[in-house]
Structures are given as structure tokens and as C-alpha cells.
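Participant: Knowing the structure of chain G, use the given hints to seat chains A, H and P on it.
4 protein chains.
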Amino acid sequence: MNKQTSVLAYLSAKNCSNQWAFFLQALGKELNEAMPAQDVRVLMRQIGLRAGAEMPLSDCNTVKDIQAAANRYWSEFNWGWVELTEQSSSLELRHFCAPLLQAFGAQAQSWSPAFLEGVYQQWLSSLGAGQALQVRQQSELDPEHSFIDFRLSL
Amino acid sequence: MNKQTSVLAYLSAKNCSNQWAFFLQALGKELNEAMPAQDVRVLMRQIGLRAGAEMPLSDCNTVKDIQAAANRYWSEFNWGWVELTEQSSSLELRHFCAPLLQAFGAQAQSWSPAFLEGVYQQWLSSLGAGQALQVRQQSELDPEHSFIDFRLSL
Amino acid sequence: MNKQTSVLAYLSAKNCSNQWAFFLQALGKELNEAMPAQDVRVLMRQIGLRAGAEMPLSDCNTVKDIQAAANRYWSEFNWGWVELTEQSSSLELRHFCAPLLQAFGAQAQSWSPAFLEGVYQQWLSSLGAGQALQVRQQSELDPEHSFIDFRLSL
Amino acid sequence: MNKQTSVLAYLSAKNCSNQWAFFLQALGKELNEAMPAQDVRVLMRQIGLRAGAEMPLSDCNTVKDIQAAANRYWSEFNWGWVELTEQSSSLELRHFCAPLLQAFGAQAQSWSPAFLEGVYQQWLSSLGAGQALQVRQQSELDPEHSFIDFRLSL
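Residue numbers (the numbering used here), protein chains in the order written: chain G, 1 to 154; chain A, 1 to 154; chain H, 1 to 154; chain P, 1 to 154.
Pulled out of the complex, with its shape left as it was, chain G reads as follows (with noise of 0.2 Å):
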């Protein structure tokens, strides 16, 4: 590793509460031997949908404000940062720093952006987003990248 790879590695892993990297750790093998990586990815969504369910977005009338009330929580719970992109045909979340890798490790790459996937849905749900409208993963989640990328449309 280089010293830029070996400063963001340190940093990341240290980013994630040792408290509970180890239980999540086992917890991330235990689904992956107990049941098929879709099946996980659907529970990873439905706690995610419960999570956002928890943590209102209020008062937000632009893609600037949303971007502000979720990054609030974001911050507090030290998960990183979200970046929001309006297009013409979709919303674009670049979510920056969550510390999914370090808690549930490679093996967990294909389901646990879920978590994100579902909290995304729920606020955006809830300030209006059409039944049709779905928040869906874009990029993935791997040690070469600090961001994940998620895209709400049809």
C-alpha cells in the first residue's frame, strides 16, 4: 500500500465503532451461510425502510434541503455524507464514508448498500416520490471507492 491507501485504510477501519464491528461481522457471515444473498438484500432494504422510517425529514421543499436534513443525521451518526443530483429523469445519491465495509466486510458487498437503499427510499417516499419511483443501488460498494452511488427513478 502507499501512504494515501494506508491513511484512508486506517481512517475508514478506525471510522467504524469497534463496539460493534464484531458483532456485525458475525452477525454479516451468520445471514450470508443462512439464507441466499437476495434474501438478505430484501431484509437489508426492510430495516433500512425502518431506519428512515425513524429519522423524519421535515421542512424540505429542494434537493438542497434534503440534502441538509439527511446529512444532519448523517453526520450525527457519523455514517458519512450524501451528495444530491437533480436530472431530468432521475435523482442521483452519492453517498460518501458509510461504514458498510468495515462493518460487514467483502463478503457483504452485495447486500449491505441495502441498508442505504431502503433508508433512501423511505425519505423520499415520504416527501412525495411516486409508488413507481424506486431508489435502486448504481455502484459498488469495494475498498477502491469511499462513495456509493443510488439513483431514484422509474
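Source of the hints: derived by calculation from the structure; they are not laboratory data. Be careful, since some hints might not be right.
Since copy identity is lost for identical chains, a pair holds within one copy or between any two.
As the list claims (entries may be wrong) - Here are the simulated DSS-like cross-link-like pairs (lysine-lysine), alpha carbons at most 27 Å apart as the crow flies: (1) K3 x K64; (2) K3 x K14; (3) K64 x K29; (4) K29 x K3; (5) K64 x K14.
Facilitator: Only chains A, H and P this time, still in chain G's reference frame:
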């Protein structure tokens, strides 16, 4: 609440990492609705068995050694501490200050301690406890108590 | 120690960030040797005045508002909480669960609470308390107590 | 800021405990105004000497042993890590990810690294470095760098 009670409530709440409490509360609610408490209990015990296997106890010749080795992990992870007492036909384990109630909520008290049951089962089996010896929870996890009792016996 | 006492001792100790406890203990020892306790006390009060100025209290019309605004900072920083009570000729402030004893040690109890004295002085002056009104510590910081009393009066 | 830079800035900021950052920033400002930078530097070095004495390094026969023993403390306290390199007439120490800049601010860069200078001085003297050998800071603490260089030499 009297003063002592509110101090304990404050310190106990802050003692659970807020990076994961919001996630674990949503996880607990989802599991509560998705399956019977007995199945969640089995899942938590499985997770505990896995976590215990990742935290090997080495060089333990006495009950006191086991207690010290266990508490090195619990202190590092801020999971409280355990006190072990040998009885004629059992080993008693009293675990103080686990962050389970803060993490999973009162709704999860019937199953969340099974995680510790699994960890202790794995540790004691790996140190030579016969297959017939089982770790079982002996007391409730509730806000009145800051400890949970477990017992290794036939 | 009985059970309750060891639980409180454990939670209080863990409640002070171990990233800085080793630094602050050494700082406290150095200050204790380098200057008289009264001078360290003045230094701590100065630091508190500065810290208070960096944490403005806004929109406070009542004592209850002040308490709520103060506790938003204390909760964010995990510095316990304060309870304010208006008396005929004074304002009483009782601060619970400050991490001062864990950080600076028992040797510093004659001066470490002056930091909070400074913060409260700054806050109450900025909200309009006359220059003649001073915040003064009223009770000891010791392991038997989980709070410190301050008073704003002539 | 580009993406990499903002990720590093975020992780570095969150890596300093927010329980003490507000206190340490006020402490730094007060010291900056109360005495010349050179005197604060001496104070910080003294604090480092004391902190080092509280963290004994044992069983170190090689430079690699020293590095490992030092990093057990730094990892436990989340103070980054150090890399030691032996040269013909010096020992080079490169300390990564110390939370000094986040704690004391850019205004303190002329004196805050003296704390680490003191710790390393104490450690290396206790391991037998002659009194003539001094640890001295060799590089700046600035946002562009995630490490500080020290050297033990005549």
C-alpha cells in the same frame, strides 16, 4: 426518576455507540416482525458462536484466567465485564453493562442476550467443556438490572 | 465496591474518550507541578469562557430555554447535562456526568470544574446577566457525586 | 476540494473525539494568547514526557519491537501509528494520523507536535538512548500531510 437512576440511564445510553444504535434498533424491529422470538433467539446464539470463534481465548488454566481473557475482549469493545464463579455442578457467569438493551430495545429482551449465550458457549466448549454442557441464560435483561446471569451446566 | 458502585465506576470511566484521557491526565499533572492550583483554576476558567463563546446560545427567553440550549451542546459532546433552577436572588446550575474527574483525575478536583464555571459565565453574560453577577462553583467534584453545583449570584 | 480530499478531511475530522475537540480548541487558543509559542512548545513536550512515562514500553530488543510496542498504545488510543527507520547516525520516526491538527487547529501547528516529541523522547531515553540524544520534529504538521517526521540524533 431519582438522581442515581437518571445518571445510570444517561451513562448506559451514551455507552452504546450512536453510530449503530439506530441501525440495530431497526434490525431488532424487523426481526421481531419477520420471525418468532424463539427463531431470533437461535439466530442471535448462532451469531454469538461465530463471534466467540473470532475471539480465541488462549492460555487459560483456571477460571480466573478465563475471566481475565474474556474481559480483555469486553473491555476493548466496551461491552462491560463478566464475573465467573465455580459451583459444585455449574459455572456461573454474570455479565455486567452489556449494551444490548440500549442497542436492541426492551422489545428484544427475550432474544438479545442469546448473543452472549453463544459467545460463552463457544469459549467454554473451545476450552474443553463437554458437548453435554450448555450455557443458558438465567436472568432477565431489563432496565432494573445492569447484569445478566448465565450458567454452564448439564 | 458493591455492584451499583462498580457499574457507575465502569460507565463513568468508559464515558471519557480514551483518545484524550491519557493526554489530559498528563496535562493535569504538568499543570499541577508547574503552577499553583489557583492559577490553574484561572486558566481553566479562561478556557471555559472561550469555549462558551464558540457555542452561542440563541433564542433563549426563559430559564427552560437556556437549559435546553445548553443541553443540546452537552448531549452532542457527551458531557452529561445541566439542570437550572431559579431562586429569588440566584440561578442554581447542577451539572451531571461531566467527564472531568475521569479526564484530569482526583488530583485536579480543585481546579478542573472551573472550566464549566467559565462556560456558564460566558453563556449567562452573553444572555444579559450583569457584570456584577458571577458564576461560582458550590460543591466538590468527587467520586461520590455525579454532579457539580454552580451558582450565578452577586 | 476533490473527492479524495474531502474523504480524507471528513475521516480526519471525525477521527478526533468530539467530546474533547471543543475543549482542546479553546485550550489551544488560550495558550496561544497567554504565552509565546516557544513556551507552549516546551509545555507540550513536558506533557509528552509525562504521558510517555505512563505508557512503559517493555521487552524491546529491536527497532521493530519498539515500533510494535508503541503502536499498541497508538492503536488503543486511536492516535494513528508510527514507522521507525534506523539510519547510520539517527533513528527516523514518521507518525501518521495523529489527531493534533483536528484537536488544536492550524494555529497550533508550531507547538502541538511537541507533545509527540516528548513521548518519543521519554520512550527512547527509557530504552537506553544516551542523554545527548534528542528527539526533534523534522516536518510540518499541516493539512497537506497526514504524517509528522521526528528524528532521534545528537
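Participant: Give a verdict on every hint.
Facilitator: Outcome of the hint check:
no. : hint      : in the structure
1   : K3 x K64  : between (35 Å within a copy, 19 Å between copies)
2   : K3 x K14  : both (17 Å within a copy, 20 Å between copies)
3   : K64 x K29 : neither (38 Å within a copy, 31 Å between copies)
4   : K29 x K3  : neither (31 Å within a copy, 31 Å between copies)
5   : K64 x K14 : between (30 Å within a copy, 23 Å between copies)
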